[in-house]
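Protein chains in written order, with this note's numbering: chain A, 1 to 115; chain B, 1 to 115.
In short, the hints are calculated from the structure, not lab data. Please note that the accuracy of each hint is not assured.
Chain copies aren't distinguished; within one or between two, either way the pair holds.
Said to hold, decoys possible - List of simulated lysine to any residue pairs, SDA-like, C-alpha gap at most 25 Å: (1) K91 <-> P10; (2) K23 <-> P102; (3) K91 <-> P51; (4) K4 <-> R40; (5) K4 <-> D76; (6) K4 <-> R104; (7) K4 <-> K91; (8) K4 <-> Q100.
In this text the structure is predicted, and so the values were computed from the model without any measurement.
There are 2 protein chains.
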Amino acid sequence: MNVKHLDEIPIHTVTMHGAEGVKVRRLISDLDGAEHFAMRLFELEPGGHTPLHTHDWEHEIYILDGTGIVHYEGQDYPMTSGTVLLVPGGKEHRFRNTGQTPLRFLCIVPLRGDV
Amino acid sequence: MNVKHLDEIPIHTVTMHGAEGVKVRRLISDLDGAEHFAMRLFELEPGGHTPLHTHDWEHEIYILDGTGIVHYEGQDYPMTSGTVLLVPGGKEHRFRNTGQTPLRFLCIVPLRGDV
Chain A
1 MNVKHLDEIP IHTVTMHGAE GVKVRRLISD LDGAEHFAMR LFELEPGGHT
51 PLHTHDWEHE IYILDGTGIV HYEGQDYPMT SGTVLLVPGG KEHRFRNTGQ
101 TPLRFLCIVP LRGDV
Chain B
1 MNVKHLDEIP IHTVTMHGAE GVKVRRLISD LDGAEHFAMR LFELEPGGHT
51 PLHTHDWEHE IYILDGTGIV HYEGQDYPMT SGTVLLVPGG KEHRFRNTGQ
101 TPLRFLCIVP LRGDV
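Full structure from sequences and hints, please.
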């Protein structure tokens with residue numbers, strides 16, 4: 001079994017083109033022995049956003065703290081603590097922090113999407 | 001895309017033999033279009049625990065609130081908000097709330113483990 005606390009896990013700035021004010025912790029990955037899917041914790045500073053992008057794997061997301069919007073196929077949807085999202089593969093999406101505090105969410109993807 | 005809030009999702013008592021004071025919300029499942037893995041939110045009342053059991057799929061777990069212990073292969077490990085666990089398949093485990101408030105955690109499993 002692999003047990004650790006969030007605070008022990010390194011945090012990295014996401015440098016992907018189109019990302020602004022985004023950091024990530026890889027909570028569970030293939031490095032921990034995960035065989036099928038990976039868990040990441042993203043943290044967006046106020047005003048921060050992920051790229052508007054598309055890929056062929058799904059996201060399962062749980063909003064921990066903060067408020068924001070997800071832009072999905074041309075529409076905006078609000079997100080707050082306790083919001084749950086299934087973003088299917090192949091659909092354009094972007095997450096943005098519209099609040100005054102960090103927006104933190106868990107994002108689980110198939111291992112091939114954990115890059 | 002499937003977007004919903006925790007509060008909209010029905011909560012069920014877990015009736016599996018050996019479970020006490022355990023409730024679950026199925027946040028994302030095959031019913032929502034998930035293709036590979038499911039996200040559930042478990043809530044254990046103070047003193048509550050899951051069965052001591054084994055199955056051949058893995059758990060990926062994130063502790064949201066509360067404090068507890070996971071009993072794993074004969075040893076106890078503490079858990080609190082921000083604890084992350086990868087419980088591999090085939091290993092005996094049990095989660096217990098040792099605090100005075102609900103213990104809430106996300107548990108992601110392959111779809112075949114979402115029963």
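So, going through the hints one by one against the coordinates:
1. K91 <-> P10: neither (30 Å within a copy, 28 Å between copies)
2. K23 <-> P102: Answer is within; shortest intra-copy Cα gap is 10 Å, inter-copy 30 Å.
3. K91 <-> P51: Only inside one copy: K91 and P51 sit 13 Å apart there, 39 Å across copies, limit 25 Å.
4. K4 <-> R40: both (14 Å within a copy, 20 Å between copies)
5. K4 <-> D76: This pair counts as between: shortest inter-copy Cα distance 14 Å, intra-copy 35 Å.
6. K4 <-> R104: both (18 Å within a copy, 17 Å between copies)
7. K4 <-> K91: between (33 Å within a copy, 18 Å between copies)
8. K4 <-> Q100: between (29 Å within a copy, 23 Å between copies)
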